[in-house]
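With the sequences and hints as input, model every part of the structure.
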Amino acid sequence: SQTIHQWPATLVQPVGSPLSLECTVEGTSNPNLYWYRQAAGRGLQLLFYSVGIGQISSEVPQNLSASRPQDRQFILSSKKLLLSDSGFYLCAWSAGQGSYGYTFGSGTRLTVV
Amino acid sequence: GQNIDQPTEMTATEGAIVQINCTYQTSGFNGLFWYQQHAGEAPTFLSYNVLDGLEEKGRFSSFLSRSKGYSYLLLKELQMKDSASYLCAVSPRRNTPLVFGKGTRLSVIA
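First to last, the protein sequences are chains A and B. Quick note: the first sequence, position 99, residue 99 per my numbering, numbers continuous. Quick note: the second sequence, position 67, residue 180 per my numbering, numbers continuous.
Everything labelled a hint here was simulated from the structure, so no lab data went into it. Since we're looking at a predicted model, the values are computed, not measured. Take the hints with a grain of salt, since some may be wrong.
The calculated SDA-like cross-link candidates involving lysine to any residue, where the alpha carbons are at most 20 Å apart (straight line), are [what the hints assert, rightly or not]:
no., chain 1, residue 1, chain 2, residue 2
1, B, 215, A, 84
2, B, 215, A, 14
3, B, 215, A, 85
In structure tokens form, the structure reads like this:
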């Protein structure tokens with residue numbers, strides 16, 4: 001069966017520090033991968049998605065970046081965090097589109113102080 | 114543009130029935146999803162509709178009218194554990210990201 005792992009679960013980082021969040025999927029190949037952010041009490045904001053290794057589409061130009069170094073690995077990074085980067089970060093995967101929808105990782109609660 | 118509207122909050126009584134509405138205007142349509150998200154947790158898949166009509170799955174049902182750009186999620190025999198946010202999401206085209214609504218926070222009271 002397919003599983004998705006996301007870590008860390010919680011993170012407190014000072015303003016200006018770097019960020020690296022990692023997401024890996026097991027039990028499938030060539031998944032579509034997504035990074036979302038959810039601010040407190042807000043909806044899901046799509047940050048990046050990838051349909052293959054090295055293929056990254058950015059939805060929100062800001063100080064975040066994403067990389068997909070391996071088929072089932074998706075990394076979200078920042079060189080210098082801002083206070084506004086605080087939120088709940090969710091990684092998700094899908095087997096293309098259709099009735100499969102998304103399966104989400106357990107999320108990372110990031111607080112920038 | 115892509116737009117999905119759903120009520121921000123709803124309150125319902127334990128044992129009752131509640132209907133959560135969702136209207137959408139998207140550049141295309143390849144299916145509609147409902148997700149449940151408990152506070153502090155990741156969303157989990159509830160239902161998928163691509164054709165008009167009602168899909169039933171236990172206490173939960175989801176309805177779609179493509180001509181009206183409208184869906185609803187029906188929750189029967191409400192339980193306290195159903196207190197959560199319910200997210201409506203549309204797939205505009207194959208292999209493009211889902212567009213999510215902002216979610217409806219449902220509170221189930223005794």
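Status of the hints after comparison with the structure:
no.	hint	result
1	215/B to 84/A	holds, 19 Å
2	215/B to 14/A	violated, 29 Å
3	215/B to 85/A	holds, 19 Å
Taken one by one, the earlier hints fail for this structure only at number 2.
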